[in-house]
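*Asks:* Take a look at the letters that make up each chain.
Protein chains: 2
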Amino acid sequence: MSLIVVGSVAYDGVETPHGKVDRMLGGAATYISLAASYFTKVGIVAVVGDDFAKEDTDLLAGHGVDLEGLERVPGKTFFWAGKYTPDMNDRETLQTDLNVFADFNPKLPASYRNAPYLLMGNIQPRLQAGVRSQMKKVRLAGGDTMNFWIKDFREELLATIRGWDFLLINDGEARMLSGHDNLRKAASTILGMGPHTLVIKRGEYGAMLFRQNSYFTVPGYLLETVFDPTGAGDCFAGGFIGYLAQQGFDLEKDHISRGELSRAVIYGSVMGSFCCEQFGVERFRTLKRAEIDARFEEFRTFTSF
Amino acid sequence: MSLIVVGSVAYDGVETPHGKVDRMLGGAATYISLAASYFTKVGIVAVVGDDFAKEDTDLLAGHGVDLEGLERVPGKTFFWAGKYTPDMNDRETLQTDLNVFADFNPKLPASYRNAPYLLMGNIQPRLQAGVRSQMKKVRLAGGDTMNFWIKDFREELLATIRGWDFLLINDGEARMLSGHDNLRKAASTILGMGPHTLVIKRGEYGAMLFRQNSYFTVPGYLLETVFDPTGAGDCFAGGFIGYLAQQGFDLEKDHISRGELSRAVIYGSVMGSFCCEQFGVERFRTLKRAEIDARFEEFRTFTSF
Numbered sequence: 001m002s003l004i005v006v007g008s009v010a011y012d013g014v015e016t017p018h019g020k021v022d023r024m025l026g027g028a029a030t031y032i033s034l035a036a037s038y039f040t041k042v043g044i045v046a047v048v049g050d051d052f053a054k055e056d057t058d059l060l061a062g063h064g065v066d067l068e069g070l071e072r073v074p075g076k077t078f079f080w081a082g083k084y085t086p087d088m089n090d091r092e093t094l095q096t097d098l099n100v101f102a103d104f105n106p107k108l109p110a111s112y113r114n115a116p117y118l119l120m121g122n123i124q125p126r127l128q129a130g131v132r133s134q135m136k137k138v139r140l141a142g143g144d145t146m147n148f149w150i151k152d153f154r155e156e157l158l159a160t161i162r163g164w165d166f167l168l169i170n171d172g173e174a175r176m177l178s179g180h181d182n183l184r185k186a187a188s189t190i191l192g193m194g195p196h197t198l199v200i201k202r203g204e205y206g207a208m209l210f211r212q213n214s215y216f217t218v219p220g221y222l223l224e225t226v227f228d229p230t231g232a233g234d235c236f237a238g239g240f241i242g243y244l245a246q247q248g249f250d251l252e253k254d255h256i257s258r259g260e261l262s263r264a265v266i267y268g269s270v271m272g273s274f275c276c277e278q279f280g281v282e283r284f285r286t287l288k289r290a291e292i293d294a295r296f297e298e299f300r301t302f303t304s305f
Numbered sequence: 001m002s003l004i005v006v007g008s009v010a011y012d013g014v015e016t017p018h019g020k021v022d023r024m025l026g027g028a029a030t031y032i033s034l035a036a037s038y039f040t041k042v043g044i045v046a047v048v049g050d051d052f053a054k055e056d057t058d059l060l061a062g063h064g065v066d067l068e069g070l071e072r073v074p075g076k077t078f079f080w081a082g083k084y085t086p087d088m089n090d091r092e093t094l095q096t097d098l099n100v101f102a103d104f105n106p107k108l109p110a111s112y113r114n115a116p117y118l119l120m121g122n123i124q125p126r127l128q129a130g131v132r133s134q135m136k137k138v139r140l141a142g143g144d145t146m147n148f149w150i151k152d153f154r155e156e157l158l159a160t161i162r163g164w165d166f167l168l169i170n171d172g173e174a175r176m177l178s179g180h181d182n183l184r185k186a187a188s189t190i191l192g193m194g195p196h197t198l199v200i201k202r203g204e205y206g207a208m209l210f211r212q213n214s215y216f217t218v219p220g221y222l223l224e225t226v227f228d229p230t231g232a233g234d235c236f237a238g239g240f241i242g243y244l245a246q247q248g249f250d251l252e253k254d255h256i257s258r259g260e261l262s263r264a265v266i267y268g269s270v271m272g273s274f275c276c277e278q279f280g281v282e283r284f285r286t287l288k289r290a291e292i293d294a295r296f297e298e299f300r301t302f303t304s305f
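In order, the protein sequences belong to chains A and B.
With the numbering used here, letter number 126 in the first sequence gets 126, and the count goes up by one each step, no holes.
With the numbering used here, letter number 1 in the second sequence gets 1, and the count goes up by one each step, no holes.
Just so you know, these hints were derived from the structure itself, not from any lab.
Here the structure is a predicted model, which is why all the values come from computation and not from measurement.
One thing to keep in mind: the hints can contain errors.
All copies of an identical chain are treated as equivalent in the list; a pair is satisfied when it fits inside any one copy or across any two copies.
Using 30 Å as the maximum straight-line C-alpha spacing, the simulated DSS-like pairs for lysine-lysine come out as follows [claimed, not checked]:
#1 Lys-54 / Lys-107
#2 Lys-107 / Lys-83
#3 Lys-136 / Lys-76
#4 Lys-136 / Lys-54
#5 Lys-185 / Lys-83
#6 Lys-76 / Lys-54
#7 Lys-151 / Lys-185
#8 Lys-54 / Lys-137
#9 Lys-107 / Lys-185
#10 Lys-54 / Lys-83
#11 Lys-185 / Lys-41
#12 Lys-288 / Lys-185
Chain A extracted, bound-state conformation (with noise of 0.2 Å):
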């Protein structure tokens, strides 16, 4: 195993401009593992209710995904539902059910524990701190946060964070975890509580690249139509740990390539892209390597100067 994804796997209701899913697979660890999938071995760590369909395993099976880490238990899988504005740059939750996910305590197969890179989704900081620490040989570690955990369980999310190599959060988060407005002072604050690397996503605006000295930033893809955003901040961050981990770096501190997180960056913002053309995870069951490719290509010709 190359990359440890860990987070939720969910059903999902979601309602755009363009269409309504009542329920269809969802979950952070699905998004990150399905756009993962495409650059190395993955194993997964979550939990899901008896109601889980099979096809649902098969698709992710079908990606080469490990799932003994797939944790069954009696119950109903984790709901989540909401509609977004008409603009779909932000969006109402109708309806949450934890279900199976409110017990969630993640526990990694002995297979999983030499893994070189690990990725934690939105999780309780406590559940991520307890993930990495059964790891043992972690060369890059980092992950995901949200408002929730910033607000409320902010002492547990330091001390989780500090440990990390890379965070990966979007604008508001950045803001609301640095006490500041302004990015380039954010992230400056966000550098000093322990990551080395800081990725702030900013949807259909892109992503930007921060390290001590160091700044890389990309404009969004522009699609034609944005069918669903749901899980496109998940597959940027399967597309950018997924390349690395494909790269295989043997990363201290101070030897990551710039260059190469650039590309991890791109990647990410093409995965990303690429979940937003159709509802949920479906762009998935068609798409192949050399579309990533070919559109990783695009992204460098568009900002050529």
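Since the structure of chain A is provided, determine the placement of chain B on it from the hints.
*Replies:* Coordinates of chain B only, in the frame set by chain A:
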């Protein structure tokens, strides 16, 4: 004369989270001319009242801007006052006194009429059309517009821009003009209205350049502090057309290099970013061309992968 700039010269009152200035030099033609003056010889066409201060004409003249087209009439100079929201992405207009600008009817001095480049700031479309018709040997003409003209003077505006080479507007205006929320669709529609080149400005999020079968985009420059965004879009326009004028292109629709247009977008972004560093036009009192070129190279550094 290489570049003719037409638009407002005004006094502005501006309040941002960083301070408040009751009255300072402003106006689209002022910002465009100052920004473009670092690249090419500019002639300005505008009207001011008899209250217009010598130090303000001196600032323009000190940048080599020709003032033969700056008409001075009895009455007061156009005055505008506004207050920015805390994140500075929006602003509220507090006062608009058109004063002598209400009867502005741009008359081009004979020495301006053979200039090869023309930038029309945001004024009544009929006046823009009148200016265009006075220019006999234009190689590249274009300009800006705003929501008011798009909404209430649509037919006049469409007739006016039909003969333009380029249109420079922000994303909200592009959506309003085209009737499409999606910017790719919006751009495609607008490129059918006449201009062969469309630049969409997105403030802190950067800018996009669209042509038939060609697309370029750049993220915004990340400033440590945005003191005052007033005039940033106009400075973008000045940097864009100023750079193209400096290159001296003999532009026919099919022979404009995408590379040079992309670099013009970068110079526009550079000039817009400098504009925000101090209140009003203050930054232009000290700005040197070498700083501009250094920031251009900085753009290359933080967008290359």
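*Asks:* Each hint needs a verdict: does it hold in this structure or not?
*Replies:* Against the structure, the hints:
1. In this assembly of identical chains, Lys-54 and Lys-107 lie within 30 Å of each other by CA distance solely inside one copy; the values are 22 Å within and 75 Å between copies.
2. With identical chains, the CA atoms of Lys-107 and Lys-83 are never at most 30 Å apart, being 33 Å at best within one copy and 54 Å at best between copies.
3. Taking the shortest Cα distances, Lys-136 and Lys-76 never come within 30 Å of each other, neither inside one copy (32 Å) nor across copies (74 Å).
4. Proximity of Lys-136 to Lys-54 under the C-alpha cut-off of 30 Å is found in neither arrangement, the shortest distances being 32 Å within a copy and 72 Å between copies.
5. In the homo-oligomer, the alpha carbons of Lys-185 and Lys-83 lie at most 30 Å apart only across protomers (24 Å), although the nearest pairing inside one protomer, at 33 Å, exceeds that limit.
6. In this homomeric assembly, Lys-76 and Lys-54 come within 30 Å of each other (Cα to Cα) only inside a single copy, at 14 Å, whereas the closest approach across copies is 76 Å.
7. Only within a single protomer do Lys-151 and Lys-185 lie at most 30 Å apart by alpha-carbon distance; the minimum there is 19 Å, versus 39 Å between protomers.
8. For a Cα distance limit of 30 Å, the shortest separation of Lys-54 from Lys-137 qualifies neither inside one copy, at 33 Å, nor across copies, at 71 Å.
9. For the identical chains of this complex, Lys-107 and Lys-185 are neighbours neither inside a copy (37 Å) nor across copies (48 Å), given an alpha-carbon limit of 30 Å.
10. In this assembly of identical chains, Lys-54 and Lys-83 lie within 30 Å of each other by CA distance solely inside one copy; the values are 27 Å within and 57 Å between copies.
11. Taking the closest pair of Cα atoms, Lys-185 and Lys-41 never come within 30 Å of each other, the shortest separation being 36 Å inside a single copy and 38 Å across copies.
12. In this assembly of identical chains, the alpha carbons of Lys-288 and Lys-185 lie at most 30 Å apart only when taken from different copies (26 Å versus 39 Å within one copy).
In the structure shown, a violation is registered for the earlier hints numbered 2, 3, 4, 8, 9, 11, in ascending order.
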